[in-house]
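One-letter residues, chain by chain:
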Amino acid sequence: MTPLLGVENLRVGFKGHGGTVTALRDVSFQVAPGKTLALVGESGSGKSVSSLAIMGLLASNARILGGRIRFAARDGRLIDLLGVDARLRRSLRGAEMAMIFQEPMSSLNPLFTVGDQIGEMLLLHEGLDAAARRRRVIEMLELVEIPAAATRLDQYPHEMSGGMRQRVMIALALICRPRLLIADEPTTALDVTVQAQILDLMRRLQAEMGMSILFITHDLGVVAEIADSVAVMYAGAIVEAGDVGPLFDAPGHHYTRGLMASIPRPDRAPGDMLVPIPGVVPPLSALPPGCAFAPRCGRADAACEAPVALRAAGPGTQVACHHPLVAEVAHG
Amino acid sequence: MWRYVLKRLVGLVVVVFFVLTIAFVIVRLAPGDPAALLLGPDATAADAASLRERLGLERPIFLQYLAFLGGAVTGDLGQSIFFNQPVTQVLAQRAEPTVFLALFSLLFAVMIAAPIGIYAAYRRGSFLDQGAVSLAMLAASVPSFWTGLLFQRYLATDLGWFPSSGYGGPDAGFLERMRHLMLPSLVLGIVNSALILRFTRASMLDVLGEDYIRTARSKGMGEARVILRHALKNAAIPIVTVVGLTFALLVSGAVVTERVFNLPGMGNLVVNSVLRRDYPVIQGTLIVVATLYVAINLAVDLLYAVIDRRVKY
Ligand SMILES: Nc1ncnc2c1ncn2[C@@H]1O[C@H](COP(=O)(O)OP(=O)(O)O)[C@@H](O)[C@H]1O
Ligand SMILES: [Mg+2]
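Top line first, the protein sequences correspond to chains U and W. Heads up: the first sequence begins at 1 in our numbering, then just goes up one per residue. Heads up: the second sequence begins at 1 in our numbering, then just goes up one per residue.
Because the hints were derived from the structure by calculation, they are not lab data. All residues carry an ideal CB built from backbone N, CA and C; glycine is no exception. Accuracy of the hints is not assured; some may be wrong.
Said to hold, decoys possible - Within a straight-line C-alpha distance of at most 20 Å, the following computed EDC-like cross-link-like pairs (lysine to aspartate or glutamate) qualify:
#1 W:LYS233 / U:ASP154
#2 U:LYS35 / U:GLU8
#3 W:LYS233 / U:GLU8
Said to hold, decoys possible - What the simulated footprint calls covered on chain W by chain U, stretch by stretch (three residues with Cβ under 8 Å from a Cβ of chain U suffice, anywhere in the stretch; the number is not a length):
#4 71 to 80
#5 281 to 295
#6 300 to 310
Claimed, not checked - Here are the in silico distance ranges between beta carbons for each label pair:
#7 W:LYS233 / U:ARG63: 26 to 34 Å
#8 U:LYS15 / W:ASP308: 54 to 62 Å
#9 W:ALA140 / U:LEU78: 39 to 47 Å
#10 W:LYS233 / U:ARG177: 41 to 49 Å
#11 U:PRO33 / W:LEU107: 55 to 63 Å
#12 U:GLY76 / W:PRO115: 52 to 60 Å
#13 U:GLY298 / W:PRO115: 36 to 44 Å
#14 U:THR20 / W:VAL99: 50 to 58 Å
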C-alpha cells in the first residue's frame, strides 16, 4: 500500500551567524493511511523541524538541502510537497494536513473567539457562510467533548484551561477532516490526568475519522498507548525505526534502550532504577564524525567513528548502530 | 466596562481641575501688570487702576480663583482683553485650522508609517527594512521648518500644486481652506511618521514570532490574511498608543507649523496672546489643549479595551 506520507532523505539546514548548521540529516520515514507513527527523541533532536518541514512552516532561516516529501492527496495524486507551487501547498495546509502544537496557551490567537478561529478553517477551505460555520463548529466542539459547546465557542482562549484549549486546537485541526494530523508534543504542557484524556480523545477521533497521525513526543511512555510504529530520532537523524511491538520488545539501539530505561513503567521490577542517559545532545555544529550518539554510549568503540546508516535488524525494525543490541536483549 | 468608563471619566474631571488650577496660577506668576501693558506707556495710573478693576484683578486672589473655576465649569473662560470677545469664541474661531491640521497630519503619518512599518517587520533584515529604518531616522531628525520651506519652494511655488501659505481669503470655502492645510499636514505627517513607523515595526516583529501566527499559517491562509488579520490586531495596542500621543502632541505643537505656514490657528493665537499679555486667552488655550490631551489619552485607553478583551476594566 502506498503510504500517505513519505519523507525521503530529508536534509534541512539553518542559516546562522557562523554559517549553516544541518538540523536534519537524511531523515526518512513513512506514515501509512489511518495509522499512527510516533517520532520520538530528546529535545533538540529535530522532531519539530521535521514536522514543520512537512507542513511548509519552517522558519525563514531554514533551507531544504535535499530530499523529498511525498503526500497522497485526497484526489489520488501523489504530490511532491517540496516541488509544488506555494498555492497548492497552501490549499493542502489545514484542509488535508493539519497540525497541533505543544503550547495550547500560546497557539491560539488571544484576540479572537475560539469559534471564530475554528470557523476560519471552514471559511478558508469550504467558503461556508457564518451560520453554517457556527453549526459546524458547535458540532466539532461537541466531538472533542467540550461541554456547553454552543456557549463555549463565543469565549476567548484566556477563558479556558490548558486542556480545553488543546481540545480547541484539535477541533480546529480536524474540522476540515484532514488526511494527516501532525501532533507536535500535544500533551507535554498538560497535567498527567489531562494528558491521558487528550490521548484518549485523539485515539477515538482517529477511529471515527480515519486520519493518519504523526505523533511527536519525547516520552516513550505514551508511544505504546497511541502509535502503531515508531521512529527514534537523535541529533537530526533517525537511529531506529519499526513497529511498536517488536521495537519495544527488543530495542536495537543503545539510545532507544536508554530512553526506555529512563521512563517510569508500571511493569518495572522493584529495585529497578530509572537510569537517565548520561551527557547531553551535542550541538549541531559539533557532531562527531560517525555515530552521533557514540560520545554518550557505553558500548562505543573505534568502529563507531565510521558513518552508520539505518539497516534491517529484527522483524520489521531498522537500526543505525555498529553494535546493535538485538541478540543480547532478546534473551536478556 | 461602563463602570470602568465612569471611573476614568471621574479621573478626567480631577485632572482637568488640576489643569485649571495650574493655568490660573501660572498666568498670575508672570511678571508685569497686564493693565499697564495693555494700555501702553502713555496711560495714567488711574486708567490702569480702572482697567484692573474691570478685569477683576483687584479682588483677593482666592475670590478670583473661585470666580474663574465657576466660569470654567459653565463654559465661560473669561473675556479676551485684546479682542474684547469671550475667550471660548476666540478659541472656537481658531480651532478649525489647528484641529484639522492635526487630523490630516496624523492621517499622513499613519498612511506613511503603517504600511512601511508592517512590511519592514515582515521582511526583517532585508534591504527594504534597513532602508525604512534609516529613512525614519532621517525624517525624525530633519527639522520641520526646513522640510516646510523645501516643500513651499518646490510643491507650492514651482509646481503650484498647493498654496504656499495662509488659510485662503475671508471668503474661502471649506474645501479651499482644507487645501491650504495639505502642505503643512504633509510636513508634520512626515516628521511624526518616524516614531509611528518604529513602533509599528517593533510591535509587529514581536507578534510575528508568536505561536499563534504559526497556527494561522498552518490553517492554510495567505500571508496577507496572516499579517493583516492575525498579527496586526495583536500589534495594535502600542501602535494606537503612539498614534494617540502623536495626535495630542500635534495639537499642542501646532505653534511652529502655524507660524511657518501663517495659519490663523490656536498656535499662532497663543503666541500673539503671550505678546499681548492677553491672560484670559493664554489661560483658555492652556485649558483646552490640556483637556484635549487628557481626553485623547482616555480615548486610547478605552480603545485598548475594545481591541483586547483581556484588558481588565
Ligand atoms: N529557526 C532555527 N534557527 C536555527 N536553529 C534552529 C531553528 N529551529 C530549530 N533549530 C535547531 O534545530 C534543532 C532541532 O530542533 P527541534 O526540531 O525544535 O527539536 P525537537 O526535537 O525538540 O522538536 C535544534 O538544535 C534547534 O536548535
Ligand atoms: Mg519540538
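The hint says 55 to 63 Å between PRO33 of chain U and LEU107 of chain W; measuring C-beta to C-beta, is that right? holds, 56 Å
Holds or violated: LYS233 of chain W and GLU8 of chain U, Cα atoms, limit 20 Å. Given pair LYS233 of chain W, GLU8 of chain U is violated - Cα atoms ~40 Å apart, limit 20 Å.
Please count how many residues of the region 281 to 295 of chain W have a CB within 8 Å of a CB from chain U and say whether that reaches 3. Contact hint for the region 281 to 295 of chain W vs chain U: violated, 0 residues under 8 Å.
Holds or violated: are the alpha carbons of LYS35 of chain U and GLU8 of chain U at most 20 Å from each other? holds, 19 Å
Does the Cβ pair LYS15 of chain U, ASP308 of chain W satisfy 54 to 62 Å? violated, 35 Å
Do the beta carbons of THR20 of chain U and VAL99 of chain W sit within 50 to 58 Å of each other? For THR20 of chain U and VAL99 of chain W the Cβ distance comes to about 56 Å; the hint holds.
Confirm or reject the claim that LYS233 of chain W and ARG177 of chain U have a C-beta distance inside 41 to 49 Å. violated, 29 Å
CB-CB spacing for LEU78 of chain U and ALA140 of chain W relative to the 39 to 47 Å hint: violated, 55 Å
Distance restraint hint 26 to 34 Å, applied to the beta-carbon atoms of LYS233 of chain W and ARG63 of chain U: Roughly 32 Å apart at Cβ, these two residues keep to the hinted range, so it holds.
Could one say that the CB atoms of GLY76 of chain U and PRO115 of chain W fall in the range 52 to 60 Å? Roughly 43 Å apart at Cβ, these two residues miss the hinted range, so it is violated.
For the hint 36 to 44 Å, verify it against the beta carbon of GLY298 of chain U and that of PRO115 of chain W. Because 60 Å falls outside the window, the suggested range is violated.
LYS233 of chain W paired with ASP154 of chain U [C-alpha distance capped at 20 Å]: holds, 18 Å
When the structure is compared with the earlier hints, violations turn up for hints 3, 4, 5, 8, 9, 10, 12 and 13 and for no others.
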